[in-house]
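Peer 1: Each chain, written out:
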Amino acid sequence: MMWLVILAAAAGTLALRLSFLVAGRHLKLPAWTTRITDLVFPVAIAALLGATLRGVATGGLGDFVALLAGMVVTGLIARRGRSILLAMGAGLATVFVTGLIAVAFAAGTP
Amino acid sequence: MTTTLISPPVPETPAWRAGAQAMVPLMLAVTPQGLTLGLALGQMPTGRLAAWATSSLIYSGSAQLALVSAYVGGAGLTAIVVALVINARLLFYSAAMAPLWRDRPLGWRVLAGYLLIDPSYVLAQEKRREPAYYLGGAVVLWIWWQLVTGAGVLMPSVVPDLKVLSAAAPLCFVALLTGAVKDRRSLTAAGTAAVGGAALATLPGSAGLAVAMIAGVAAGSVIRTGKKVSS
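As they're listed, the protein sequences go chains F and E.
Going by numbering that gives the first Met the number 0, the letters in the first sequence line up with residues 0 to 109, in that order.
Going by numbering that gives the first Met the number 0, the letters in the second sequence line up with residues 0 to 230, in that order.
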């Protein structure tokens with residue numbers, strides 16, 4: 000039964016992926032959908048980011064602040080047109096350092 | 000007598016290799032998700048092979064986890080529906096790429112479509128006229144996804160502490176969003192989706208993600224002007 004469920008979901012997913020690529024000449028999206036295709040990617044990424052942040056926020060303030068600091072650094076570097084790898088590397092370093100500071104601060108707090 | 004020095008032509012990096020190289024940061028970003036997903040799948044009472052098979056058959060992290068979790072919860076049909084709702088965005092990716100790949104052979108389009116997922120879609124959008132660039136990155140990502148989820152499923156003891164590495168995914172999202180948000184319309188859409196994603200994160204079966212995405216698209220589509228976001 001499990002395999003049946005997996006195969007059905009796999010077939011449905013493949014159909015979603017291939018629909019317009021294979022049958023594009025016969026399928027026509029309504030006009031309004033063509034106006035929103037450029038929004039799909041930023042919206043999907045933003046929704047995932049929001050859900051991830053919610054998860055981190057429930058984990059502890061120190062982790063949340065460290066991640067926020069890393070996100071600011073990553074965003075600023077990426078905004079300046081640098082590579083994603085460089086932006087992420089700087090962001091990860093910021094998360095690491097800010098996390099250490101948060102731990103030290105928490106340890107010093109009575 | 001004068002001699003003219005002609006420097007030898009610098010060989011250009013093949014497009015597929017350039018695509019594979021461009022995929023590296025995105026691979027880093029999906030690694031924590033792949034490992035943790037593999038760990039979670041490996042603990043499901045469905046059998047490790049079935050759980051890992053979702054990596055190649057469905058090839059979409061959030062949908063894989065939702066499918067297996069819903070099935071273990073006793074809802075076979077719901078599991079399929081949830082997976083398809085989460086993957087509904089792939090329909091739009093397919094529609095967006097169809098005009099660009101229309102003239103490629105059928106086999107190529109089937110392979111390219113099978114490999115279509117968020118990071119590979121980023122690459123496809125980056126160089127829309129270079130199919131080899133897309134395939135180079137997409138194939139490398141697929142192989143990497145099988146390896147990292149497989150490591151989590153089959154060898155949970157080798158999975159490292161993910162505390163710092165787990166920040167890679169949200170940081171990658173930020174870097175990608177920075178490039179994707181180009182005007183007030185996309186900023187409104189992304190902002191709405193982010194707030195919705197955070198607010199609705201606790202809804203069952205990742206339904207919050209779907210609702211947040213729909214809200215984001217709706218909010219963005221009511222903005223008509225394409226005023227640029229200043230850098």
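Because the hints were derived from the structure by calculation, they are not lab data.
Just so you know, not all the hints are guaranteed correct.
Computed cross-link-like contacts, SDA-like style, restricted to lysine to any residue with a CA-CA straight-line distance of at most 20 angstroms [to be verified]:
(1) Lys27/F to Ala214/E
(2) Lys181/E to Lys27/F
(3) Lys181/E to Val138/E
(4) Lys27/F to Arg101/E
(5) Lys126/E to Asp37/F
(6) Lys126/E to Val84/E
(7) Lys181/E to Arg78/F
(8) Lys126/E to Leu84/F
Peer 1: Each hint: holds or not?
Peer 2: A quick look at each hint next to the structure:
1. Lys27/F to Ala214/E: violated, 24 angstroms
2. Lys181/E to Lys27/F: violated, 27 angstroms
3. Lys181/E to Val138/E: violated, 28 angstroms
4. Lys27/F to Arg101/E: This hinted pair holds, its Cα atoms lying about 14 angstroms apart.
5. Lys126/E to Asp37/F: holds, 15 angstroms
6. Lys126/E to Val84/E: violated, 28 angstroms
7. Lys181/E to Arg78/F: Cα-Cα ~11 angstroms, so holds.
8. Lys126/E to Leu84/F: holds, 18 angstroms
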